[in-house]
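Chains as they are written, first to last, in the working numbering: chain A, 1 to 315; chain B, 1 to 259.
By construction, these hints were calculated from the structure, which means they are not laboratory data. Mixed in with the good hints, there may be bad ones.
Stated by the list, open to error - Going by beta-carbon spacing under 7 Å, a handful of chain A positions derived as facing chain B:
1) A273
2) M276
3) V295
4) T299
5) L310
As the list claims (entries may be wrong) - Negatives, chain A to chain B, calculated, CB over 10 Å:
6) D29
7) A162
8) S246
The beta carbon of each residue, even a glycine, is placed where N, CA and C say it ideally should be.
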Amino acid sequence: MISARVPRILALLVAWLAGTAAAQAPEYDLAARAIAPGIWVVEGSTENFSRGNGGNIVNTAFMTTGAGVVVIDTGPSRRYGEALRALIEETTAEAISHVLITHHHPDHAFGSQAFEPATLYMLDDARAALARDGEAFADNMYRMIGDWMRGTEVVVPDNVLAPGVLEVGRRRLQIIAMTGHTGADLVVFEPLSGVLFASDMVFHNRALTTPQSPGLLGWRAELEQLAELPVTVLVPGHGPVSTDLSPLRQMADYLTWLDTLLADSARAGLSPAEVMNAPIPARFDGISERRYELVRTTTHLYPDYEKRALSLLPE
Amino acid sequence: MNILINILVFVLGCLLSVGVRAAWPDDPFGSPMWAYNIERYLGSDARVVHDDRVNLRVPEFAEDSAQVPLTVDLSAFPEAPGQIVAWVDLNPVPHLFSASPGPQPLTLLALNFRVQQATTVRVAVQDREGVWHIGSRYVDAAGGGCTAPSQTMSNPDWERHFGTIRGGAFSRAEGMRYKVNVMHPMDSGMVGNIPAFFIGEVELRQGNGQPLLLSMALSESAAENPMFVFEFGQRPPRATLWLRDNNGNQFERRLGGDL
Ligand SMILES: [Zn+2]
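Isolated chain A, as found in the complex (with noise of 0.2 Å):
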């Protein structure tokens, strides 16, 4: 365990070594935006991490219900939590009485310090995949956002959440268990405003990660079943929020792209340095950090397509 904090001290050291000037901790900025009647949504960048950004590049969302605000998501790290506590104070003298965490990744999952740990709940598979990985990622975070870290400790939610109904107040949350991008992966429909939480289910003009996705052909047929919904306002968990659901077919439209990509590629022995070169179709210009995400997605999803495009050689 003590080699593993290790890195972790080093970035703390090198982050206080270059912010000689920046005595005082680094402040999110965060804004909250009515998109319905007791619905706001908090926006990030579309950007990936850095010491710029403090790793906002996620959105949250909060809803007041009558009987305690309902939380979605958390932010990247302890400050950011603070940060959106107080802004949602600040918003509606209401309790927060749940915080729903939609999945394990550090962007979403890492301000839970900030709130009462009898108010967090996350899906069973999530909170697994969250213990496992926690410390990974919060390595990972203090290397990529440095001092915006300050503080942050993985906290997996106490309280289990299921599929159904969650009833709070006058809404009636349709709590909804998907697979394709991390494999427990919570999406929220809000049926009296028809407010669909999607989180990172949708990516909208922001390609789309894999580290933890179980396929891109799963994660496909699973937007089939949100489009099916009476969504209103649809609230990815990067990029803008939008009042159709063109954001799902931008996903079905590049996830339908990426996996022809890699297994055409395949097909043709071509190697993964070549896929991560390969040409983006214009349509997808509006959409950043594709070519990044295209390197990460050929490094964690390439290596299945190739195996299977080879046969076994007999001896």
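Chain A is already provided as a structure; the job is to place chain B with the ligand on it using the hints.
Chain B with the ligand in isolation, oriented as in the chain A frame:
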């Protein structure tokens, strides 16, 4: 630890390179190991030039420091390549492979390597005159690829898959490409008390008394469960893969031709 090793290696590099350096061009990446590794792998009297026709493709960052893809595309190299040597400057054992192509011109070679930290990667190709043509790339990395235990060994049923070899032959406009995947832990010997256990010798044979298509010596920087790609500018009539690891296990498989 990494920093200490770097400083040590850098100091050693400085001490050893004093006074022996041939007229080598400057390293565009400014690596402290540039001259030291040229001397170590190519010799102190090596003649060296930078050459984009040694088209080295490595991602700008390592998403998985234990599996970083490398492709060297020699299709623009003006003659059939001679000796090829690849190394990863800041790895504990920088050497990745040395390859000797036979008379069939090798046009592409790919495999994955490990990185211990952000580093430059080099591939040197010798021409007929004996001059080394070097392609270089920089890869950013969180590190740990060399000192992380192999996933194969931590998987309880690795022995069931050990030595499983998958392959394919892919026709090119001119020539032929072979792709081979071998299930092998390729343990570097740098992790705790896990001894080195890796494939060090690779040959592509034509058989029938014909010269080898390729022979290759692999080192500890090679990644586990290696996926090799070899492409030749002319279609060999037949090809057989032969491998041997440092424990004496030998593997031999037909890759195609004469089907
Ligand atoms: Zn995610």
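Verification of the supplied hints:
| no. | hint | verdict |
| --- | --- | --- |
| 1 | A273 | holds, 4 Å |
| 2 | M276 | holds, 6 Å |
| 3 | V295 | holds, 5 Å |
| 4 | T299 | holds, 4 Å |
| 5 | L310 | holds, 4 Å |
| 6 | D29 | holds, 28 Å |
| 7 | A162 | holds, 32 Å |
| 8 | S246 | holds, 29 Å |
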